[in-house]
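2 protein chains.
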Amino acid sequence: MEIRDLKSLVRYDPEKMAKIPIFHSERMFYDLYALLPGQAQKVHAHESSDKVYYALEGEVVVRVGEEEALLAPGMAVLAPAGAPHGVRNESASPALLLVVMAPKPRFSRGFQGPLLN
Amino acid sequence: MEIRDLKSLVRYDPEKMAKIPIFHSERMFYDLYALLPGQAQKVHAHESSDKVYYALEGEVVVRVGEEEALLAPGMAVLAPAGAPHGVRNESASPALLLVVMAPKPRFSRGFQGPLLN
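Chains as they are written, first to last, in this note's numbering: chain A, 1 to 117; chain B, 1 to 117.
Isolated chain A (complex conformation) (with noise of 0.2 angstroms):
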């Protein structure tokens, strides 16, 4: 059985956010992302995937198309397929997001968002 206690995978990484997989598969992406202080995912799209970032620990800025919101822990947020979306950590805590991407995106577009860049 795939059984994962996730705790024991976080880590963080001092260059970037870190994203640390799960579990993987033809239909969907399941993942950490560990974001420290500072750390964003730049704004960009999957032009056929649906996204999910939920918050375990932590607060981040997400941004879905042209909105913005704090994703505080115990929040979802969707990121339909073809929305530009991000996230960044403006606080002084480290933030910890459980990701979830489906299907398994066959490209990502960048986009070059006024706020995330």
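The set of hints was computed from the structure by calculation and includes no laboratory data. No false leads were mixed into what you were given.
Among chain A residues calculated to face chain B with C-beta under 7 angstroms, some are:
| no. | residue |
| --- | --- |
| 1 | Arg4 |
| 2 | Leu6 |
| 3 | Arg27 |
| 4 | Met28 |
| 5 | Tyr30 |
| 6 | Val52 |
| 7 | Glu67 |
| 8 | Ala69 |
| 9 | Leu78 |
| 10 | Ala102 |
To spell it out: a stretch of chain B is covered by chain A in this simulated footprint if at least three of its residues, at any positions, have a beta carbon under 8 angstroms from a beta carbon of chain A; those stretches are:
| no. | region |
| --- | --- |
| 11 | 1-8 |
| 12 | 17-29 |
| 13 | 73-83 |
The structure displayed is predicted, hence computed values, not measured ones. Yeah, the Cβ is synthetic: ideal placement off N, Cα and C, and Gly gets one too.
Given chain A, put chain B in place with the hints provided.
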């Protein structure tokens, strides 16, 4: 922006396990499952969808294929497409799971497992 505070959506149903939809698309089902002591999701399978259970609160016994394990908070388990799977709350406390399935299932197949029925 579709953003949800999951805690505010949690409800338990004394009659049966509560499925609380958070985000639903053709690509992904993103739900909470709320199980009171003794409640269960019967063993079943989806031919073409992967499912991941993640324990937010409480503990459940999870079955995937012929194996069973205890799923405690912070742990995630993959039920790949085709594998019979189910959960049951054998504890004395409520259990709350974050459950993702991708893609939206076209049909599911009941499975009379020896351990969950």
